[in-house]
Amino acid sequence: MTDDRWIFVAMLVIGVWYLSHQAGRLDRLHHRIDVAMVSLDALLIRRAAIVAELAAAETVDVLTAALFLDAAHEVLSFEGEFSNARIELENDLSLVVSDAFSTTDDVEAINSAPAASLLLNEFVQVVKRIQLSRRFYAEAVTACINLRRQRAIRLFRLAGHAPMPKTLDFDDSLPFGLRE
Amino acid sequence: MKVGIVCPYAWDVPGGVSAHVHDLAIALQRQGHTVSVLAPASDDAVLPEFVTSTGTPRAVRYNGSVARLSFGPVTARKVSKWIADGDFDVLHVHEPLAPSLSVLACWAARGPIVATWHASYERSRMLLSLAKLAQTAMEKVSARIAVSEAARTTLVEHVGGDAVIIPNGVDTQSFAGAKAMPGWPGDGKSLVFLGRVDEPRKGLAILLQAMPQILSAYPQLRLLVAGPGDSEAALEDAPQLVRDATTFLGLIDAEEKGNVLASGSIYVAPNTGGESFGIVLLEAMASGVPVVASNLEAFERVLNYGQAGRTFANENPDALAQVIVNLLADDNEQQRLVTAGHTRAKEFDWESVAARIVDVYESVRVPGMHVEPDLAGQMMGRFAKVLPFELNRDES
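Here the protein sequences come in this chain order: A and B. Take the first sequence: its position 85, counted from the start at 1, is 85 in the numbering used here, and no numbers get skipped. Offset between the second sequence (1-based) and the numbering used here: plus 180.
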């Protein structure tokens with residue numbers, strides 16, 4: 001073989017190695033996004049479960065309890081992919097709780113039952129974790145989108161048929177009455 | 181929860197990162213979690229039950245510091261085995277930028293990984309290329325924590341992305357009972373310095389240059405120096421007067437730290453740079469000793485901008501001497517600093533810091549899912565393991 005052919009073979013080897021390296025990076029990022037999604041989903045389910053339990057507390061009035069139960073039930077009975085429909089349900093739940101705990105007086109009234117007070121502490125904790133989880137999910141998504149914009153990755157379709165990941169935008173703020 | 185923590189620095193050599201990992205492990209266990217720590221340690225080191233050693237680390241010089249690290253094929257096998265045996269819910273690696281145990285662990289694992297950034301560096305081409313090399317490890321990290329704003333900036337500039345800031349913790353309880361060693365601080369009062377004596381950035385030289393001025397105001401004053409390194413070399417340029425006033429304790433155990441700190445009328449931190457937090461300052465405050473420190477941004481923050489401790493112009497022995505002489509003369513101010521220091525230290529107690537770290541664990545882990553060995557990652561790891569270098573800097 002002539003020198004030219006060797007150079008061609010060497011470039012081909014380097015090219016293939018580079019593509020497999022980039023494919024590996026994509027695979028790791030997709031895996032990270034998957035794990036982050038499951039983790040966030042589990043925390044949101046936990047939040048809905050706490051709200052459902054709060055509805056049973058004796059210091060929660062009947063109307064609020066009904067709203068709590070309804071919003072929590074919608075989330076808990078939701079089936080399928082984490083879609084816009086699910087995000088709306090999470091927003092609804094956030095809204096119902098924000099209304100119920102809009103002032104520290106609201107919180108104190110409900111806190112007077114020890115069981116409700118424990119649940120409220122758990123609620124605050126799980127919301128903090130949801131905020132972190134959503135942030136880490138967004139970081140993984142951003143890293144993945146940046147990588148998938150690269151020319152080589154688009155040209156050789158390294159991402160296969162995996163849909164482009166999206167950040168999730170929903171209201172995960174703590175109700176005013178529960179902020180320290 | 182089962183947590184696997186990786187400490188890249190030698191377990192049996194005192195340092196900021198290994199102390200952080202030790203205290204975090206204890207605090208997590210106190211809250212009912214199961215913890216296993218992987219760290220390099222010399223073969224004859226006595227290790228707590230929860231620490232797995234990867235063997236004797238090698239000393240590497242970089243960026244004006246000495247680092248003790250482990251990196252290589254044998255170490256990589258030990259890391260993989262530890263991950264396979266551990267069955268962890270979360271893997272938590274520390275200081276993951278440079279080639280070290282932490283990077284090996286990222287390569288060898290798949291699942292929820294948390295990384296904590298400790299040190300702060302100026303943006304440099306050297307570190308950017310290191311970051312590029314560790315990219316495949318970084319991309320597997322689900323959540324990043326920085327111990328300070330400076331450490332977060334380092335991360336953003338070299339790797340991109342963002343981090344949650346959770347400061348270092350201090351075990352206020354274990355320092356609250358600190359008692360001065362017999363004979364200290366003595367009638368003539370005393371100063372305490374902690375840290376490597378041959379590490380220029382720890383600033384012992386600045387303090388030694390300030391000593392003649394301090395001694396002229398307080399001739400009976402003594403200086404207590406605790407930390408590893410060659411004491412003769414450190415005193416080379418010092419006048420006889422300063423030599424006579426100085427006592428070297430050498431390397432001290434973690435248990436002795438509080439008592440050594442409490443042996444001073446003032447704790448002095450003349451560090452000239454490279455500090456991103458300043459945990460010793462909090463330990464001194466928890467031990468009930470007033471603090472005088474250089475005006476590094478990290479120190480100013482911990483001291484709450486003069487509220488909980490005095491600062492002096494960095495690398496200026498005259499300014500340091502002035503601040504110390506003034507403070508020694510003012511008993512009321514000393515008492516005020518002791519009280520303010522106690523309150524400040526409480527805000528950084530490990531119990532609250534560990535709870536915030538658990539929130540991060542919970543935000544990335546999946547119940548029922550464990551950290552698994554990653555075979556693809558090991559391929560990449562194997563490639564990098566043949567690289568003939570080991571680089572890093574000492575923890576600050």
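Source of the hints: derived by calculation from the structure; they are not laboratory data. Where is the CB? At the ideal position from N, CA and C, for every residue including glycine. Don't take each hint at face value.
[As the list claims (entries may be wrong)] Mimicking DSSO-like on lysine-lysine, the simulated pairs with C-alpha atoms at most 27 angstroms apart in a straight line are:
| hint | chain 1 | residue 1 | chain 2 | residue 2 |
| --- | --- | --- | --- | --- |
| 1 | B | 312 | B | 258 |
| 2 | B | 526 | A | 128 |
| 3 | A | 166 | B | 182 |
| 4 | B | 526 | B | 359 |
| 5 | A | 166 | A | 128 |
| 6 | B | 182 | B | 312 |
| 7 | B | 312 | A | 128 |
| 8 | B | 312 | B | 369 |
| 9 | B | 369 | B | 359 |
[Said to hold, decoys possible] Computed Cβ-Cβ distance ranges for the label pairs, DEER-style:
| hint | chain 1 | residue 1 | chain 2 | residue 2 | range |
| --- | --- | --- | --- | --- | --- |
| 10 | B | 484 | A | 163 | 33 to 43 angstroms |
| 11 | A | 69 | B | 210 | 50 to 60 angstroms |
| 12 | A | 105 | B | 357 | 53 to 63 angstroms |
| 13 | A | 21 | B | 392 | 38 to 48 angstroms |
| 14 | B | 359 | A | 91 | 25 to 35 angstroms |
| 15 | A | 99 | B | 512 | 25 to 35 angstroms |
[Claimed, not checked] Pulled from the structure, derived: some chain B residues nowhere near chain A, Cβ distances all over 10 angstroms:
| hint | residue |
| --- | --- |
| 16 | 210 |
| 17 | 292 |
| 18 | 324 |
Comparing the hints with the structure gives:
Pair hint residue 312 of chain B plus residue 258 of chain B holds up; C-alpha atoms about 25 angstroms apart against a cutoff of 27 angstroms. Distance check on the hinted pair: residue 526 of chain B and residue 128 of chain A sit about 22 angstroms apart at the alpha-carbon level, within 27 angstroms; holds. A hinted pair counts as satisfied when its Cα atoms are at most 27 angstroms apart, and residue 166 of chain A with residue 182 of chain B does not qualify at roughly 31 angstroms. Pair hint residue 526 of chain B plus residue 359 of chain B holds up; C-alpha atoms about 19 angstroms apart against a cutoff of 27 angstroms.
The straight-line distance between the Cα atoms of residue 166 of chain A and residue 128 of chain A is roughly 22 angstroms, inside the 27 angstroms bound, and the hint therefore holds. Proximity of residue 182 of chain B to residue 312 of chain B is assessed by CA-CA distance (about 31 angstroms); at most 27 angstroms being required, the pair is judged violated. For the given pair, residue 312 of chain B sits about 32 angstroms from residue 128 of chain A by alpha-carbon distance, which is inconsistent with the 27 angstroms threshold. A distance of roughly 51 angstroms separates the Cα atoms of residue 312 of chain B and residue 369 of chain B; the hinted pair therefore is violated under the 27 angstroms criterion.
Of the supplied pair hints, the one linking residue 369 of chain B and residue 359 of chain B holds, its CA atoms being roughly 15 angstroms apart against a limit of 27 angstroms. Taken as a hint, the range 33 to 43 angstroms is violated for the pair residue 484 of chain B and residue 163 of chain A, whose Cβ atoms sit roughly 49 angstroms apart. The hinted range of 50 to 60 angstroms is not satisfied by residue 69 of chain A and residue 210 of chain B, whose Cβ atoms lie roughly 37 angstroms apart. The given range of 53 to 63 angstroms is broken by residue 105 of chain A and residue 357 of chain B, whose C-beta atoms sit roughly 43 angstroms from each other.
Checked against the hint of 38 to 48 angstroms, the C-beta distance between residue 21 of chain A and residue 392 of chain B comes to roughly 60 angstroms, which is inconsistent with it. The hint said 25 to 35 angstroms for the Cβ distance between residue 359 of chain B and residue 91 of chain A, and at roughly 57 angstroms that hint is violated. The supplied range of 25 to 35 angstroms is broken by residue 99 of chain A and residue 512 of chain B, whose beta-carbon atoms lie about 52 angstroms from each other. The Cβ of residue 210 of chain B sits about 18 angstroms from the closest Cβ of chain A, beyond the 10 angstroms cut-off, so the non-interface label holds.
For residue 292 of chain B, the shortest C-beta to C-beta distance to chain A comes to about 6 angstroms, within the 10 angstroms cut-off, and the non-interface label is violated. The Cβ of residue 324 of chain B sits about 8 angstroms from the closest Cβ of chain A, inside the 10 angstroms cut-off, so the non-interface label is violated.
Checked against the numbered hints above, the structure violates hints 3, 6, 7, 8, 10, 11, 12, 13, 14, 15, 17 and 18; every other hint is satisfied.
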